[in-house]
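Participant: Chain by chain, the residues run as shown.
There are 2 protein chains.
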Amino acid sequence: MKMKALGAAVAFTLSAAGTAAWAQQVRDEPIKPIQPYVSSNPAKVELGKKLWFEPRLSMSGIISCNTCHNLSRGGTDNLKTSIGHGWKAGPVNAPTVLNSSLALAQFWDGRAANLVEQAGGPIQADIEMNMPHALALDVLQSIPGYVAEFKAVYGSDRITIGMVTGAIAEFEETLVTPNSRFDQWLQGDDKALSAKELAGYTLFRDSGCVACHNGPAAGGTSFQRMGLVEPYQSTSPVEGRSAVTGVDADRFNFKVPTLRNVEMTYPYFHDGEAATLEEAVDIMGRLQLGRTYSKDEVDSIVAFLKTLTGDQPQIALPILPPSSNATPRPNPFQ
Amino acid sequence: MKMKALGAAVAFTLSAAGTAAWAQQVRDEPIKPIQPYVSSNPAKVELGKKLWFEPRLSMSGIISCNTCHNLSRGGTDNLKTSIGHGWKAGPVNAPTVLNSSLALAQFWDGRAANLVEQAGGPIQADIEMNMPHALALDVLQSIPGYVAEFKAVYGSDRITIGMVTGAIAEFEETLVTPNSRFDQWLQGDDKALSAKELAGYTLFRDSGCVACHNGPAAGGTSFQRMGLVEPYQSTSPVEGRSAVTGVDADRFNFKVPTLRNVEMTYPYFHDGEAATLEEAVDIMGRLQLGRTYSKDEVDSIVAFLKTLTGDQPQIALPILPPSSNATPRPNPFQ
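Protein chains in written order, with full-length UniProt numbering: chain R, 1 to 334; chain W, 1 to 334.
By construction, these hints were calculated from the structure, which means they are not laboratory data.
Since the structure is predicted, the reported quantities are computational estimates derived from the model, not experimental observations.
Don't take every hint at face value.
Treat identical chains as interchangeable: a pair holds within one or across any two.
In silico lysine-lysine, BS3-like type, Cα no more than 27 angstroms apart, as pairs [as the list claims (entries may be wrong)]: (1) K32 - K196; (2) K151 - K306; (3) K32 - K191; (4) K196 - K306; (5) K50 - K306; (6) K191 - K295; (7) K32 - K306; (8) K306 - K191; (9) K306 - K295; (10) K151 - K50; (11) K295 - K196.
Starting from the given sequences, assemble the full structure and let the hints guide the process.
Facilitator: Listed below in structure tokens is the structure:
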């Protein structure tokens, strides 16, 4: 955990003049503060950032990771379900990339163990970027700027898909959002939350939401059934975790989504059917806890949830190296 | 021209330790150096930048100005013709936004007199963003973060389309690319170009390319017929300037594109049919000048053209304010 410790040290210096003292959690709550992340390999992060914004990893030449996980928008596309190659609609709501490194697994059904495993999926999925890995590698290998940068990071002239996903994952590790008002409160700043927000958090905690929404990401620590007390009504054909385990008992089990930056990551649920936070809180209360929150209770929980918006990653837009004459051209209508 | 003078002064200070002295053009050539641009209204630029990256200005919620004029890629999408709402293909190659403020008019056919007039077009074009202006304004007006920012910039609670396009245009004014190696040479640095690059420029100039590709943008100063000596063969139905003037003599007249950053803005021509710079130079020589360049000549002109890549705008990715519960939701399949 050397890197984490370094991150904390840097942040402590930065906030020394402020009200919060990073990484010194004063309050012992089921939600933990987000720690800043400092990579030990900035060149790899920079390469990963280029690949993150790289539309040439798609068959059409216009879809990048950032299309559906937009870092201007809380790491999501704010659609019910995403639009991919050929204007096809995806089956699930795009989860935020922010703080995704803190989750126990990736994708709603957890079918990828980590960010490296995850990153290869959307590139080749026909309804997302629709790009065979072999062709993606041919594209990158034909671009002198990329060849030089992969060489500098990995020491090899031959780019592999593992290098691509490894660099993207290293960039994604940096996409954490510390310093939310809730974290400031966790770290001892009594004035960081209003009375209403604090009441909302207390209700959230004491009525049992934290059974699933816990840890630094306020989620992402377990798979849970959507519709525990009452069944969830949805036209979505997606069945969640059972697609990975093959176990019938896992039907409609999904990874608990993070609530960090939830004000920015609308709409909600795996099918994106809850348009507002109020709607999401109401449905969660009834379906997961068997509890009908009053309008005032919903409002106070929503007020609390909005305190989970942290410092958004500051991204300098990368300049992508131009294709060479040998670069395979995009094919939007393939 | 106070702002230009200020820009020059700032740049002069910045480059005092370097080899180039901004705005002191030593060589009198038909192509002029690009001057840095310093806005007198940074808040308006910042608002315009948000709107530039704002997918909620599209019906689908996923297309922004930056989708087709990608600032990571020389201000283009590097497609033959762009893909818009519903995966529809546009009729022409997306021109670069970089240095577009230097052109005599906007769009390939010059149908917009300036950047403000231009900015409204793609928002409502059904094959681009497909968003009626009235609905775009309803969206912005429903977002508290935007209401506050428009108020700060324009002093009004009521957002108008003129405010939207005005802010986008102000941001676009900043998207100039000074300090290319060719500009360094223009400004007196003899070592900025190799012998081959200089020979390429001399050939480019003396064989007549500068008749059209002149001024600071190396283009954008006139409309010219595509296929002057020999007709241009194309399956594109686009006829250019005559669509604006109604004058038959203007058929196949197009605004001369800028050659700034041309290494990054492939493919070339209004229909994007020239995949490489070599192909474009060969075709231009034959069709516009009646001259067949040898392979060596093409290579030296291409070497010169690559010296026109300037400093790309450094963009801090904006964080977009979240929608409110009242914000009209995107509709990708409308």
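Participant: With reference to the structure, classify each hint as holding or not holding.
Facilitator: Outcome of the hint check:
1. K32 - K196: within (20 angstroms within a copy, 61 angstroms between copies)
2. K151 - K306: between (43 angstroms within a copy, 24 angstroms between copies)
3. K32 - K191: within (18 angstroms within a copy, 58 angstroms between copies)
4. K196 - K306: within (12 angstroms within a copy, 60 angstroms between copies)
5. K50 - K306: For K50 and K306, the Cα distance is within 27 angstroms only across copies (22 angstroms; inside one copy 31 angstroms).
6. K191 - K295: Cα proximity of K191 and K295: one copy only (25 angstroms, versus 72 angstroms across).
7. K32 - K306: Classified as within: same-chain Cα gap 16 angstroms, cross-chain 52 angstroms, threshold 27 angstroms.
8. K306 - K191: within (16 angstroms within a copy, 57 angstroms between copies)
9. K306 - K295: Classified as within: same-chain Cα gap 17 angstroms, cross-chain 63 angstroms, threshold 27 angstroms.
10. K151 - K50: Answer is within; shortest intra-copy Cα gap is 15 angstroms, inter-copy 35 angstroms.
11. K295 - K196: within (13 angstroms within a copy, 74 angstroms between copies)
Hint violations for this structure: none, all hints satisfied.
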